[in-house]
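Novice: Working from the sequences, and respecting the hints, build out all of it.
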Amino acid sequence: MSAATDIHMREILIARIATMLDGCGHVAVGASSPIPGAAALLAQARSAGAMRVSVLGSTRHNFFTDGGRELFDCAAQGRIDAFFLSGGQIDGAGNINLVGIGDPAQPKVRFPGSFGSAYLAFLVPKVILFREEHTPRTLVERVDFISAPGTSDPDIYRPGGPRALVTGRAVFDFSPKRAGFTLRSVHPGETPESVTAQTGFRFDTPDAVPHTPLPDADTLALMRGDVARAVAETYPGFAEQLWGIGA
Amino acid sequence: MTGPATLDIADLGARIPDGAHLAIAPDYSGCAMAVIRTLLRRRIRGLRLVAVPTAGFQADMLIGAGCVAEIEAAAVSLGEYGPAGRFNAALRAGRIIMRDATCPAIHAGLQAAEKGIPFMPLRGIIGSDLVAQRPDWKLMDNPYAPQSRDPILLVPAITPEIALFHAPAADRNGNVFIGVRRELMLMAHAARRTLVSVERIVDTDFLADEARAGATIPALYVEAIAQAPRGSDPVGLFGAYGANEAALGAYAQASRDDGAFAAWLAGVDADVSQTVLA
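Chains A and B, in that order, give the protein sequences. Per our numbering, the very first residue in the first sequence carries number 1; after that it's consecutive. Per our numbering, the very first residue in the second sequence carries number 1001; after that it's consecutive.
It should be emphasised that the hints constitute simulated quantities derived from the structure, not laboratory data. We put the beta carbon where it would ideally sit given N, CA and C, even for glycine. Hints may be right or wrong, so weigh each one.
Cut-off 30 Å, straight-line C-alpha distance, at most; resulting in silico cross-link-like pairs (DSSO-like, lysine-lysine) [said to hold, decoys possible]:
hint, chain 1, residue 1, chain 2, residue 2
1, A, K108, B, K1138
2, B, K1138, A, K126
3, B, K1138, A, K177
4, A, K177, A, K126
5, B, K1115, B, K1138
Every beta carbon over 10 Å from chain A, so not counted as near; a handful from chain B, in silico [unchecked claim]:
hint, residue
6, T1002
7, L1040
8, C1103
9, F1119
10, L1207
11, A1211
12, D1271
Specialist: Right, dumping it as structure tokens:
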């Protein structure tokens, strides 16, 4: 099971995101986010009880008792350390678009809507942008609609914001000061050149860009065992497809 | 003291007039699907929906049947079943007005209504293009900021004319048990009128039991109740029964095609038994 060829790309993403969460006290996971959810549960499993994880849609991993608003109230108080956001489009300034393409009143393409992004992107210290599809269609020079801006003017209250972008091809760091991304690592099978060719925005590329590390044997065992079973509660289809286990 | 009226579901639905400003629950928290089907059969017109805070099957069905003039929502989607086909088609054709929001702005607007105040300030959002789309959202400087400028967003109170949802049980006095689904409590507090369908009406008093009372909407907020066993089918009801995945998948597919949706709606029209839609 330890040969690189036996490790699914999604397992590499889960393990890589989990390392970004190590040390967080409370990680929250929003709707339709099986890979971030699995990463959060993996990070929690090895936190020796130090990390809380709340997964929207889960019964077992959800300790809120004050309705849909509680997550947002918690975030505004600084009680949530990390959250995940995605976008139909993500641009090089860290802006995300969850609304659509074209005139919002009569769009050419409509995405579901902004959900809590316009709020949580400001208030959660470590926002990780995640989009598995990494193409010039999803990673664009400039989003058509800003659901949540990547950065804000200095007089805007903003303790949080995007810190990284993880895709099916690579990992980027985000610098709020520069309002731009830096290529941190490329996944197996990719090169900085191949990533550049599939990215619609400009980003900084250091001289040496390593490959995204593969999960070690202990991490894989944990992921494929306890974590997979925990993920299956909320994302049975995902867990079945990746690990062949039911809820 | 008179409690809420007890009606059958068609009469409960009949209390919702054309053009109503109607708050509906999210797919995960008590959708009054049986009542929605009575509205579909009636071809209710001109609804102004408020999603608390996101919309799914209920909204898409009503939009497809031409029942909706506008919708305020943080998102409209069929979740893991994919895009909300009728919503997307109606928006592209300019047949409905979408008032895009973000989840906490809807919660905050309802909280303002709950408190009987005109607006609520909340953090974040400034710099999102949502603000430009929402002339009713305003910026002010935090009057309590110690020194430097501190802009903050205000959203107006959202006071729905009617809140409609489904809950596990009502007691003999019309108190409605909602468990941990506090967004239903918020809806009932904020709306002028609240209509509820329930799985069953129990001959007891939930408020006499402290463990239950905290998870109960007092009858004072509730105008009328209808008993509707499996009334959240096919989206499912927390703690009671799950989603009918085959029915939801079939609907999701039908939502993406004019003819298939028309056939689905004809099925609703023909189904006078008000039972599960396959």
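Novice: Does each hint fit the structure? Answer for all of them.
Specialist: Structure-based check of all given hints:
1. Among the hinted pairs, A:K108 with B:K1138 is consistent with the structure: their alpha-carbon atoms are about 28 Å apart, no more than 30 Å.
2. The hinted pair formed by B:K1138 and A:K126 meets the criterion: a straight-line CA distance of about 28 Å does not exceed 30 Å.
3. Between the alpha carbons of B:K1138 and A:K177 the distance comes to roughly 28 Å, so the proposed pair stays at or under 30 Å and holds.
4. Taking the CA atoms of A:K177 and A:K126, the gap is near 15 Å; set against the 30 Å cutoff, the hint holds.
5. Taking the CA atoms of B:K1115 and B:K1138, the gap is about 19 Å. The hint holds against a cut of 30 Å.
6. The beta carbon of B:T1002 is kept farther than 10 Å from every beta carbon of chain A, the shortest such distance being approximately 29 Å.
7. With a least CB separation of 22 Å from chain A, B:L1040 remains clear of the 10 Å interface cut-off, as annotated.
8. The Cβ of B:C1103 does not lie farther than 10 Å from every Cβ of chain A; its closest approach is about 4 Å, which violates its non-interface assignment.
9. Every CB of chain A is more than 10 Å from the CB of B:F1119 (nearest about 16 Å), matching its label as outside the interface.
10. Consistency note on B:L1207: stated as away from chain A, and its beta-carbon is indeed over 10 Å from all of that chain's, at 19 Å minimum.
11. Remark: the non-interface label on B:A1211 is consistent with the geometry, its nearest Cβ contact in chain A lying 13 Å away (cut-off 10 Å).
12. The claim that B:D1271 lies off the interface holds: its Cβ sits roughly 29 Å from the closest Cβ of chain A, which is beyond the 10 Å cut-off.
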